[in-house]
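Letter by letter, the chains look like this.
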Amino acid sequence: MATGVTILDPTNESTPATRQLLARPKSVNGHTIGLLDISKPRGNVFLDRLQERLEAQGAKVLRFAKPTFTKPAPVDLRHEIATQCTLVIEALAD
Amino acid sequence: MVTGMSSAVQLPDGLVIIAKRECATCQMVEPLLARIAQSDTPLAVYTQDDPTFGRAVNSQLDSDLSISWHHNIETVPTLLLVRNGVEVERTFGWSQSDWQRITGIADLGEDLPTTRPGCGSMSVDPDRVDALRALFTGSSVTSRTVEFSAAEDEFEAMYARGWTDGFPVIPPTRERVLKMLTGTTRAPQDVVAIAPPNLVELTVEKIAINAVMAGCLPEYLPWVIAALEAVCNDEFNMHGVLATTMPVGPVIVCNGPGTRAIGMNSGINAFGQGNRANNTIGRAVQLTIRNVGGGRPGEVDRATHGNPGKVSFCFAEDEEGSPFTSLASARGIPNGTNAVTVFAGEGPRCIVDQLARTPEELTNSFVACLETVHHPKLVLGFDAILTVSPDHGRVFAEAGWDRNRLIDEISQRSMRHGSQLIRGARDMAEGVPLHLSEATLPKFRPGGLLLTYAGGGAGLFSSVIAGWANGKIGSDPVTRVVSA
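Going down the list, the sequences are from chains A and B.
Oh and the first sequence: position 16 is 16 in the working numbering, straight run, nothing missing.
Add 94 to the 1-based position in the second sequence for the working numbering, that's all there is to it.
Hints are computed from structural coordinates only; laboratory data are not their basis.
None of the values given here were measured: they were computed from a predicted structure.
Among these hints, one or two may not hold up.
[Said to hold, decoys possible] Keeping only pairs whose Cα atoms sit at most 20 Å apart, straight-line, the calculated EDC-like set for lysine to aspartate or glutamate is:
1) B:Lys-273 <-> A:Asp-9
2) B:Lys-273 <-> B:Asp-219
3) A:Lys-26 <-> A:Glu-90
4) A:Lys-71 <-> B:Asp-247
5) A:Lys-71 <-> B:Glu-246
6) A:Lys-66 <-> A:Glu-80
7) A:Lys-71 <-> A:Glu-90
8) A:Lys-60 <-> A:Glu-80
9) B:Lys-273 <-> B:Asp-224
[What the hints assert, rightly or not] Listed next, with one range per pair, are the computed distances between beta-carbon atoms:
10) A:Gln-84 <-> B:Gly-565: 50 to 56 Å
11) A:Val-45 <-> B:Ser-243: 28 to 34 Å
12) B:Leu-293 <-> A:Gln-84: 40 to 46 Å
13) A:Pro-25 <-> B:Arg-443: 47 to 53 Å
14) A:Pro-25 <-> B:Gly-368: 47 to 53 Å
15) A:Ala-23 <-> B:Gly-232: 35 to 41 Å
16) A:Ala-23 <-> B:Gly-368: 45 to 51 Å
17) B:Gly-232 <-> A:Ser-27: 46 to 52 Å
18) B:Pro-402 <-> A:Gln-20: 30 to 36 Å
19) B:Ala-533 <-> A:Thr-15: 50 to 56 Å
20) B:Gly-541 <-> A:His-79: 53 to 59 Å
21) B:His-399 <-> A:Pro-25: 36 to 42 Å
The beta carbon of each residue, even a glycine, is placed where N, CA and C say it ideally should be.
Model the full assembly from the supplied sequences, consistent with the hints where possible.
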């Protein structure tokens, strides 16, 4: 990815410079997971199966879709996902 | 600051000329170069722009301006004489007599005007100087770099990382930080203090980074450093000032001629918005405590309400207009010396008296308002800053009251009998312990009322800034000299 502005760290440098991921949960049970369909053909087939398997493990699944796969998800959609979901599965398939 | 100087930028012995084609004075002296080169003293010519300038004498291109930067060339042409690696002569622009003397050629440039000013060196071109400083002195700063992605808005990114006070901050790029560091003679790695609450070594460099973020100019940096020295010690007790549930933060009172040199406001709206120095010096102190010390609201900072001055609360005294000696001089700093006094204070509150025409009447109003500092029945435990305005100050000046007289009068007139102050008296549970019921007590401890003078020329108002628990259990005001 192209780089942007580089700055000098204003802190005491006791924490990592990049933002850290939260610890991975032991189970998906009770979590709300959003599945984002990027709107490519037959992506829904894959996501339907994923939803079945996650629900079988006790997760609640919400489905979202981008208007088009050619553009980043709109801010409102990202906000909707962030406020409604507790877990993210970061993945890309084609 | 000359750091990282290597042999590559060492000048050769003999005569050295630094010039650029773009400069008409350089063009005027170019025909003289061959004559100078024939003298017994070796000649080296450096050209900043056009490699053909001085080609007849085998000039060299100062392509990265390293020679010009490291030898502090501000004007071209500059003529130097170097002996045993040490510069012994320097003249800049064209001065017939200087050039003749330094080259030892008595009739050099006889047909030229006796003097002609030069042009600015490319190494001090405002468009280039910050990048050159980063290139040549960049190794003097050692902070970790943080690289944002192109898709990331740097202002949002800095907010998201928790580095701001809620307002946007200036991205502290290496160029900006190195420029900020030109405001002090102190080395970037000098440790100024141990920053609470996390007890981290606070270097000049980290202060400079936060000063950039706050919006400071380099000339403010010594004031920020002095204020941080003043808050990071047991007397001021910055850890306690953060941790207390009371609404206080560091209030910074600036004294000395430097306050005017950096354009601080001691007049209209002195406590308020609009002046860059006032607002960014205080902000830089707070950002440094937040980012380096780790003092953040909701964590170590437990203030019940806080106050807006915890973003920044910094002002200068109007020493020229004041009928009183300055706060700094009252605290042992010689007149004419730049100094900061830090005080753990809440927001300012106005004292209105538009009718008093005698100092006694006005003092009585001051006392009535000062008594309410935190609670009218609590005495001696809290200090306060009293800021007298020009309109009120005139009443004391005309009566010949000086600083000590006013403070003494306030102390005497604030004396209250313990029976009125003890817990339960006047149907208020709050108050001083019962054993003080027979004592007669002033509102403030000796030295606990800090008299200052500031404000616009119109308004029969003064101002009080109440403090936190004073003394060993809380905070004492601290004054520090501001050093370049």
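Practice task
Please flag the earlier hints that this structure goes against, numbers listed from lowest up.
Solution key: Result: no hint breaks.
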